[in-house]
Amino acid sequence: LAKTTQPISMDSYEGQEVNITCSHNNIATNDYITWYQQFPSQGPRFIIQGYKTKVTNEVASLFIPADRKSSTLSLPRVSLSDTAVYYCLVGDSSASKIIFGSGTRLSIRP
Amino acid sequence: EAEVAQSPRYKITEKSQAVAFWCDPISGHATLYWYRQILGQGPELLVQFQDESVVDDSQLPKDRFSAERLKGVDSTLKIQPAELGDSAMYLCASSPRTSELTIQYFGAGTRLSVL
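Taken in order, these protein sequences are the chains called A and B. So in my numbering, spot 12 of the first sequence is number 12, and the numbers just go up one at a time. So in my numbering, spot 57 of the second sequence is number 57, and the numbers just go up one at a time.
Each hint should be verified, as a subset may be incorrect.
Partner residues aside, some chain A positions facing chain B, computed with beta carbon under 8 angstroms [said to hold, decoys possible]:
| # | residue |
| --- | --- |
| 1 | Ala28 |
| 2 | Phe39 |
| 3 | Pro40 |
| 4 | Phe46 |
| 5 | Gly50 |
| 6 | Tyr51 |
| 7 | Pro65 |
| 8 | Ser74 |
| 9 | Pro76 |
| 10 | Arg77 |
| 11 | Val78 |
| 12 | Leu80 |
| 13 | Ser81 |
| 14 | Thr83 |
| 15 | Ser94 |
Since the hints were made in silico from the structure, they are not lab data. For clarity, every value in this text was computed on a predicted model and none was experimentally measured. C-beta: ideal position from N, C-alpha, C; glycine also.
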């Protein structure tokens, strides 16, 4: 399973756009890139998934370059409620296991 | 919106006692997972079920942990005896399709404290 590397923590301010980059140099051909969000004392919540180029939903955008060795989660106009830990995962969608790293702790300030 | 239900939310026990956690996945989800999350770390998979069968329990400490999903719906995770190092959040998740196992829906978890 491909290993991911992402910053331990990030800080930003309300109303800003936040970009969290994840490195996955050993991504395999069948692997998808998936991002989860976790608030304190809650389980992780699926945010977005992509394979290549750009994916956008009501919550975030996911940018994946052509070589797929990295990806960037973009959160537009963040608010205090976006303070959470964000996990980047890489794996085959039919695989039997997904592996969470330590994630990126995002803190939003007023 | 359908949710994964877990109970209890909190459990305090003494070491060497037995504890059990219950999970009811989203209706129709055939794949069910139990994770353990230590404070400050990401969730770690303990066991995965496909219907009532165990698919992966390679990270489950089988000398003290057991998991079952008898009718392929709800599931129970048991620890006996509990040890101090078992203090953690225990999360249950389910997935709707075997072709999209990277999209999982998590419950709120059970926070276990072993004294």
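Hint-by-hint comparison with the structure:
Taken as an interface hint, Ala28 of chain A does not check out: its beta carbon lies about 13 angstroms from the nearest beta carbon of chain B, beyond 8 angstroms. The restraint placing Phe39 of chain A at the interface with chain B is violated, with a minimum CB-CB distance near 10 angstroms, outside the 8 angstroms limit. A cut of 8 angstroms between beta carbons decides the hint on Pro40 of chain A: the least distance to chain B is about 10 angstroms, and the hint is violated. Checking Phe46 of chain A against chain B by beta carbon gives a least distance of about 5 angstroms; that is within 8 angstroms, so the hint holds.
A distance limit of 8 angstroms between C-beta atoms decides the matter here; for Gly50 of chain A the minimum to chain B is near 11 angstroms, and the interface restraint is violated. Hint status for Tyr51 of chain A: violated, given a least beta-carbon distance of 11 angstroms to chain B, over 8 angstroms. The interface hint given for Pro65 of chain A is violated, since its Cβ lies 20 angstroms from the closest Cβ of chain B, which is over the 8 angstroms cut-off. This hint is violated: Ser74 of chain A has a C-beta 20 angstroms from the nearest C-beta of chain B, more than the 8 angstroms allowed.
For the restraint placing Pro76 of chain A at the interface with chain B, the shortest Cβ-Cβ distance is roughly 22 angstroms, beyond the 8 angstroms limit, so the hint is violated. About 24 angstroms separates the beta-carbon of Arg77 of chain A from the nearest beta-carbon of chain B, more than 8 angstroms, and the hint is not met. Checking Val78 of chain A against chain B by beta carbon gives a least distance of about 22 angstroms; that is not within 8 angstroms, so the hint is violated. Restraint check, Leu80 of chain A versus chain B: the minimum CB separation of about 21 angstroms is more than 8 angstroms; hint violated.
Taking 8 angstroms as the C-beta contact cut-off toward chain B, the hint placing Ser81 of chain A at the interface is violated, the least distance being around 17 angstroms. About 16 angstroms separates the beta-carbon of Thr83 of chain A from the nearest beta-carbon of chain B, more than 8 angstroms, and the hint is not met. At a threshold of 8 angstroms, the smallest CB-CB gap from Ser94 of chain A to chain B is about 6 angstroms, leaving the interface hint in force.
When the structure is compared with the earlier hints, violations turn up for hints 1, 2, 3, 5, 6, 7, 8, 9, 10, 11, 12, 13, 14 and for no others.
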